[in-house]
Structures are given as C-alpha cells and as structure tokens.
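Protein chains in written order, with our numbering: chain A, 457 to 787; chain B, -16 to 304; chain C, 2 to 394.
Derived by calculation from the structure, the hints in this document are not laboratory data.
Remember, predicted model here, so these are calculated numbers, not experimental data.
Every residue, glycine too, gets a C-beta built ideally from N, C-alpha and C.
Mixed in with the good hints there might be a few duds.
Unchecked claim - Subject to a maximum C-alpha distance of 30 Å in a straight line, what follows is the list of computed DSS-like cross-link-like pairs (lysine-lysine):
#, chain 1, residue 1, chain 2, residue 2
1, A, 632, B, 58
2, A, 782, A, 556
3, C, 297, B, 232
4, B, 232, B, 300
5, C, 82, C, 32
6, B, 300, B, 282
7, B, 300, B, 202
8, A, 481, A, 501
9, A, 557, A, 782
10, C, 18, C, 32
11, A, 599, B, 58
12, C, 180, C, 297
13, A, 632, B, 24
14, C, 190, C, 18
15, B, 300, C, 158
16, A, 728, A, 501
17, B, 232, B, 202
18, B, 58, B, 24
19, B, 24, A, 599
20, C, 25, C, 82
21, B, 232, C, 158
22, A, 481, A, 492
23, A, 501, A, 557
24, C, 158, C, 18
25, C, 158, B, 202
26, B, 58, A, 782
As the list claims (entries may be wrong) - Sample of chain A residues lacking proximity to chain B, with all beta carbon distances greater than 10 Å (derived):
#, residue
27, 464
28, 653
29, 754
Claimed, not checked - Chain A stretches covered by chain B per the calculated footprint, using a threshold of three residues with CB under 8 Å from any CB of chain B:
#, region
30, 560 to 570
31, 573 to 580
32, 583 to 595
33, 598 to 610
34, 772 to 785
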Amino acid sequence: MSHAAPPPPSGPVPFPRENSARLLKDMLRIRRLEEKCAELYGAGKIRGFLHLYIGEEAVATGAMHALARGDNVVATYREHGHALLKGVPMDRIMAEMYGKKEGCSRGRGGSMHLFDAATRFYGGNAIVGGGLPLAVGFGLAAKMRGEERLTACFFGDGAVAEGAFHESMNLAALWKLPVAFFCENNYYAMGTAIERYESQPDLCVKAASYGVEAFAVDGMDVVACYEGARRAREIALAGAPAFVEFRTYRYRAHSMFDPDLYRDKAEIEEWKTRGPIHTFTARLKAQGHLTEERFLDIDAQVEAEVERAVAFAEAGAWEPVEDLAKDVYAP
Amino acid sequence: MTITYREALRMGLREALARDPRVLLVGEDVGRYGGTYAVSKGLLEEFGPDRVRDAPLSELAFVGAGIGAALGGLKPIVEVMTVNFSLLPLDQIVNTAALLRHMSGGQFAVPLVIRMSTGAGRQLAAQHSQSFEGWYAHVPGLKIVAPATIDDAHGMLGAALADGNPVLVFEYPALFEMAGDLSTAAIDLARAAVRRQGTRLTIIAYGGCVPKALAAAEKLAGEGINAEVVDLRVLRPLDMDTVLASVRKTRRAVVVDEGWRSGSLSAEVMARIMEQAFYDLDAPVARVCREEVPIPYAKHLEEAALPQVDKIVAAAKGLFQ
Amino acid sequence: MIEFRLPSLGADMDEGKLLEWKVKPGDAVKKGDVVAVVDTSKAAVEVETWQAGTVEALLVDPGTTVPVGTAIARFLEAGEKPGAAPPAEAGRAAVAAPVTARLPAAPVAPAPLQAPGVARRPVSPAARRRAGELGMDPEALEGSGPHGSVTVDDVEKAGRRAGPAAAAPAVDRVAEIRKAIAAAMSRSKREIPHYYLSETIPMQRAQDWLAAENSRRPITGRILMAAVQLRAVARALAGFPELNGTWQGGLYQPSASVNTGVAISLRQGGLVAPGIRDVQDLPIDELMARLADLVKRARAGTLRSSEFSDPTITVTNLGDTGVETTFPVIYPPQVAIVGFGRVAMRPWAEGAGIVARPVVVATLAADHRVSDGHRGAAFLVELSRRLQEPEKP
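Make a model of the complete structure from these sequences and hints.
Written out as structure tokens, the structure is:
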C-alpha cells in the first residue's frame, strides 16, 4: 500500500522573519529532543515505550503557535513535541523520560504520560481515542463557565476507528463546544495502513457527517499547519467544534519496539524529501529570511538546550519508594 | 420525616444542584424523561437543561466528558443508567478517572461522581441484572460507595461531591420503595456501620443485601442466635477496622454479596478476615453470593440465583452445627 | 535418592513423634526448608532439611513415634526420576535421560501415605489460642462446633471443669520435659567425669561500660549483662578448643564456631538449652537480639530443630535467683558448661585497702576425658580478663 506524498512545500513564507525563525527553531527543538531520546533509549536511560514524532514536527509546531497560553491541550502517547511547545520545560520532560522525580509527572508517567497543570497540558494519554471524550468535557466546562478557552485535542488517524471518536464528535457538535479536533493522519494505525482499516479513508467526510466543520491541510508544511489550526480555533471559539486533518508522515517506526516491516522503504524515502524542517529552511533561505550561518546558530542553541535537559535529568533524584502510594487519592 | 430511598436520592441531587452552581447532572434521560427510575424527576424544571443535561446513548463520551469537565472546573454528576452499561465507559472510568492523579504525579484531581443503578431482583434477565461493584472496588484511585439506608441514599452524594476523588455511587432499585426516617446525622465516606448489634455471629453485607441480612438476623434471633449486621457502605477503601472489631467479638462471620462468588468483593473481605483475625475465629468464614450463572428471567430461577434471607440463615446456622 | 531421616535434636532425644508434615509429595525443597514438625518431648520443633530435592514420598503418618535415624521421607535429587516410574519410561531413561529433564509440575509420586481418616480433631483457631493460654490440649476435648470442631466455648467449659489449678494435659507436658531432663542429666553424670573450677571476677568495668552503651540506645535496644557474658565466653574460647565441641562415639570433635547453648527455664517448669550460632563473630547488638528472640520462642514453644542439635558449649546464668555460685552439669555430647552467679557487691582488696566492688563468680564444669584442670583454669583467667576489658571487640 503506497501513500503518495504531496508536492514538497514551497513558495515564500508569509510571516515576518522572526516568527519564521521561531517556527523553525521549535521544529528543531522537537527533532533534536527526540533524536537524543532515541540515543538515550539505546543507552538504557529511557525505558518502556517510546514513540517518536520525527517527521511530523510541522503539525505540533504550527498548531501550538496558533493556540493561546490559556488553551487546553489533550494529546496522545506521541506527545513529547506537543508538551514541549505548550510550554513544558525540556528539562522536566527529559527528567520524566528518565523516571526522575523532577519530571513533569514526578516519574509516575514516563514518555507516554507527560502532564503539566501549569501550562494546561493534559497528557499524555496512551489509550487510543482516550483523550477525545476528555476534550469534550473541557469544552463543556469552558462553555458553562463562560471562558474564552479552546481545547485542542490531538489524536492519530487510528483513533477515528474508535467509538470514542464518533461519540465525541456527536456530543461536541450537539452541545456546540469550543473544541478543535486535530487529527494527525500519518496513514498508519501502528502497523496497519489506513486503507486496511477505514471504510472511508477520507477522514474529513466522517467528521463532517456530524455537522462538524472539517478540512485537511498539508501536515508537512508548518505554514499550512499554522493556518489550519488558527482557522479551527476561530471556528471553535465562535461556538462549534472544528476538525482538521493534518496529512503527515512519521519517519521512524511506531515505537522503539517496532521493526517497521509493514511499510515500503521507498514510501518512507519519498516522504523524507518533503521533510518539514529542511523544506521550510530552504524556503526561508530562498526568500532571504535565513542564512546558513543563522541556521547553524539556531541549531547550536537547540543542541545546547537538549544537553542542559539531559544534564538536568541525570542530576535528578529517584522518588523514595516510601512514597509509592502517594497520589492515588486526594489527601 | 419518613421518605423513600428514591426520594432520598432525589433530595440529595436537588440539594447538590442548589448548593453549588458548578454541579451538573449528565446522563441518558435524566432531564425530560425524569430519570429511568424517576430519581431526577422535576430537576430539569428546577435547574434547566444546561445543568440537568440529557446525553445521547454514548456512555464512553459522556463519562469521559464528565472527567474533562471535572478537570475543567465543574462538579459533574454523571449518571450511567445501570452498571450493565458501565462496561461501555469502563475505559474512561479506569484508564482515565482512576489513574489520572497518580500518573500525572499528583497534579490533577478528578472530583467526579458517577451514579449507577445495580443489582437484580426485578426479572430483568441477564443483561440488566448484574452486580459489578466488586470489579470497580478492585481499582486504586476510585472510591466505591453503596448506600443501603435512607440516610446514605440522601447523604452519600453530597459527601461524594466533596470528596475530591472519582466516586462511584451504586444505587439499588431493589430498595427504591423502601421507606424510613431521614435523620440529620452527618454522612461520611469512610466507615462501615453496625446496623444491628449482636454477639454470636457477624453478617457482613452491602447495598441491596443489607435489608436481607437484617431480616436474617431477626429470624436467627428467633432461634436463639444473636447476630450482628455490618453494612460495609464504602466498598473501596474497605473499613476493615469495623468488620474486624465485630468478628473478633462474635468469632463467626457470614459475608453476603450480590455479585458472583469467584473473585468477588466477598472473597476480599474473607481474605482480610483470614489475614487479620484468623486466631479469633471459631468457625470458617461463610458466604452467600449470587450463584455462578447469568441471571435467568423466570422469577423462581432468579430468586434461586440470588442471596436470600433463608440462605443467609442457613449459612449462619451452619457455623454452629 | 535422598532419605530424609529423623534427626537427633539433642542428646536426650532418642525418638520423636511426627506432629505434622510441612511438605507434600511433589514439593520442591531446598536447604533450610522446614519439612516437618516433630515433638521431641521437650517442644514441638520444626525440622529442616539440609539437602535440596523434590519430595517423592512421606513414609510416616503424623502421630507416629519413630526412633532417631528412621527414614521418614524420600526425596528425589535434581533430575532424578521417581523410583516407581513405569517400565516404558525406565527403558527410555536407560537410553538417554536428558540431564536437564524436569519433573512434571503435577505430583508424580503416589498418593500421600497419610489417610484422610487420621486427620486430627478440628479445632477452631480461636479455641486453639485459648487452649494454649490455659495450657490445655484442645484436641483432647469434645467439640460442639461445626463438624465436631472444638470451639472457644468448649475450651472454656473444659477449663472450668478442670479448675483453676491447670488442666491435665499441661501436667503431662511438664512430666515429658522432666523425663527428658532426667535422661540427659543421668547420662551426663553416668558418663562424663566432671571437674569444677571457679573464679571471682570484678565487674565494675563491665557495668560501667554497659551503662555507657545503654545510655546511647533506646529502651527496646538495651543490652543485658547476660549478653556481655555470652560474648566474653565465646571470645575466651578461641584459645581453648578442648572446651568447645562434642564427644561422640568415643571421639572428641572440636568446633570451629562457638555455638552457645543458653539454659532457659520454662514457666511451666523444666528447662531447655537451645543454641545461638557463631557467637564469637556476633556484634553485641545482634547477640542481644538473638538472645531475646531465643528466650521468647523457647517460652512460646517455637524453637527450630537445629537450635537443639547445634550447641558446642552451654552457658547457664542463675544470677537472677540471687545465688552466688553454680555447679552446673554438662549437657552431652558437649564437654563443658560455664555458670554465672549473681553480680553482687563484695569486699575487694585494692592496693592496701578494702573497697566494695561488684563481682561475679564464674564456674567451669568440664569433661576430664577431653581437658585437664590446668587448661580449664587458664580459660577462666582469660574469661576474667575479657570481662574486665569489655570495650575490646
């Protein structure tokens, strides 16, 4: 089964120079953080499941730049980038990967369960589709409390096959809730290609059937991702949920456990030519917004941040076993 | 004041909605219909469709939405019509509500109340007669309560909303017509209660089986056996102090459980008695449970499948013969 | 094939009554596992195995009394096939039995030998505990509970009938212990040519040291003088192998470790002398903890078999009775016993004057077949020196 990549993102970037640089830097922050995670996984520092987002960075970066600080985010188990760009410090994310008590979930969550109350980042949900009903509830709370607050709910294409997706679309549309459903369609539900599990592979058709405004964007183009998320936010805050399908691709296997036997290597290589970071870099250079020197400078800043995060995690402490039963019930 | 169990539940709901504007009731047919068991009858008119909110038949979504709403600052009461249907939102109840506090390192409270009816006895057959309180009582992070009296039917909801944890309140349609006096006693979610004092035997029961246990105790009294009855009230966390104090006094125990025997709450109670009061026992701990069959439709078969007063009496006498 | 034999749990034991099996056919056992509970006439003792294997058969029913050395169970060694394997199996095994073959998880041994009919009378846990408090044997009572089980009420009724003096079975227990002591001490006086020496030892420094040590400890962690004395004996024995060991079959076997038997009097009468192993190496806190545990378990009747068979020397301390000097009797097959009297203030010559000082009289009774008075005297001098240098490890 082959999933044709869209044409590479091209053309001038319609943002001021500094905004563009921030988008580029944030994509690089996700990329370098996760490359380091893969390395640390091999070194045994990070254990459990580790799902990397490499290749999909444009989606979280574009979407997060379109959100406000007070918006809620509900995400999946492939959420390192979302947590990072919602504002969770990289060192606390890395400490969580290590299982240290300085981690953003005190070492109780790990890679799949990043949480941070301060930045309204609500996980980190390792049940496919598990976050959608939750997002509906956040929308209900915001609406009943009269708050201008979007809830952005990220989920993969696989979740669309779950009952939770359909129930949540229906409920959000019925109750007219300010929720943006951000579907990150990377064409594979773990190892199963979308044509092999969806009766209707055009996911917007499914969402639209609930009366939800639904549209697709190029998930390899951070500009398109930003614009799509911004539009969805406007629709949702105006009083009805929106659905955006970000068509993207993950370059790595599903998780560190996955031998990746179900995809054609040529398909992966083709999508790599659309890589969100290098195509964006090329566009900025072409329009004179970025020099190679400036790029190297940004990348060095990001590398330094990653190294600081690793040092922070290494220096962190293990929570004492005496505290094992903490945080099961309200005190 | 004499009221029924159903009226006590409704009174608890009305007070909760009146007390705190963050409280809302969500569920199937809770509004216009008035509640499947008429528990929420009249509340829509009083509090409006936003706060007495009819939901589609999508338990997974509206229970999950209840969790999200609780995280977002509301105090939702979610009604799942019966425990049988709670298998649809089981994922949200366990994987999200119960686990969230711990796996976020203590950052999030889920002050959510889920009400559901449970139990058999009305010829509703296999899919509408199950008792899964014991399943839920298996899960750390949840609190499980089982009101068996007028006072608890009235007061446990308010206590659950104030608790700060996800609390599952199990309601017993078999008791809805039960009438009694409402007292002003404060209701906690911590202690089991001795419903009848006795000396020679402890009958431990919860929910719909508590009145059966009390009736059995009366029968036993007529035969010279003075039985104590303990109502567990809170099924998680279990208040074993009250249970053990009674068993240590009487040295004999019968556990009554409307759920199936295998892997049941009664098994847990028995195991803890063995662990903590073995040397105080004068007889093996006995129990009366649901027979290991799906509940049949025919009345005589259904009755035969459930704990009944006579079965409790027989089990109790077996500890002396 | 391993034959598990009833061990000798002391010189006074020549037979034992099997009370209970703690294993069943098919169980894997490892070194140190408790296999059975045996009544040695002094106490119900848990018997351990020192060999690993799989239980193939239990050869003796609970309730049976057998001589020491009787094979009471058969174990299979690792990889060994059961003896009663069917011929086809045996034939195959002769060709090539894989060394790593494991026994099937399900028991392959024949059905356990004990018939269900010989099960003991059911006694409720509460009744068993109450009977213990009253010193009664609950299994000797008629039961009114379910399945004829004995209940608390049955025990209490029987207790009232027997009157407050004590129930009959408890008297039997005391008599059993008396009998065992009689056998061991008769043998000792019959066979062992004792010699006796004594030495008065100043205890001021030991008392001062102990007071300073205990001031740093919580009340529950305080050390008794008895532990200080045990330690001094064990360390003093380092140079006197002829006092620490066992005489068996006409041969003396010295012991590398000092396993000190501690004479403990029982509340209902009689005494036992279970041992603490390797006392020479134990830090004082650990020794104190072992001593307290041993006394507690001796009085509760939960000693282990090895604790009776291990000791290589015994220490008896009758100081708490107020007596000054003891003349103890050696516990065979050991060859020496050390006695301590009361630590008391006595006139003591110091320089040219007389002062009051705390002193204790230490006595050695030793086996003349193994050692002579000259060596015994040197041991007591060494013991005296050790007790006067308590701070030395």
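Hints and how they fare:
| no. | hint | result |
| --- | --- | --- |
| 1 | A:632 <-> B:58 | holds, 20 Å |
| 2 | A:782 <-> A:556 | holds, 15 Å |
| 3 | C:297 <-> B:232 | holds, 28 Å |
| 4 | B:232 <-> B:300 | holds, 18 Å |
| 5 | C:82 <-> C:32 | holds, 20 Å |
| 6 | B:300 <-> B:282 | holds, 27 Å |
| 7 | B:300 <-> B:202 | holds, 11 Å |
| 8 | A:481 <-> A:501 | holds, 26 Å |
| 9 | A:557 <-> A:782 | holds, 12 Å |
| 10 | C:18 <-> C:32 | holds, 23 Å |
| 11 | A:599 <-> B:58 | holds, 14 Å |
| 12 | C:180 <-> C:297 | holds, 23 Å |
| 13 | A:632 <-> B:24 | holds, 26 Å |
| 14 | C:190 <-> C:18 | holds, 27 Å |
| 15 | B:300 <-> C:158 | holds, 21 Å |
| 16 | A:728 <-> A:501 | holds, 28 Å |
| 17 | B:232 <-> B:202 | holds, 21 Å |
| 18 | B:58 <-> B:24 | holds, 20 Å |
| 19 | B:24 <-> A:599 | holds, 25 Å |
| 20 | C:25 <-> C:82 | holds, 17 Å |
| 21 | B:232 <-> C:158 | holds, 18 Å |
| 22 | A:481 <-> A:492 | holds, 16 Å |
| 23 | A:501 <-> A:557 | holds, 15 Å |
| 24 | C:158 <-> C:18 | holds, 29 Å |
| 25 | C:158 <-> B:202 | holds, 28 Å |
| 26 | B:58 <-> A:782 | holds, 24 Å |
| 27 | 464 | holds, 38 Å |
| 28 | 653 | holds, 19 Å |
| 29 | 754 | holds, 32 Å |
| 30 | 560 to 570 | holds (count 7) |
| 31 | 573 to 580 | holds (count 4) |
| 32 | 583 to 595 | holds (count 10) |
| 33 | 598 to 610 | holds (count 4) |
| 34 | 772 to 785 | holds (count 4) |
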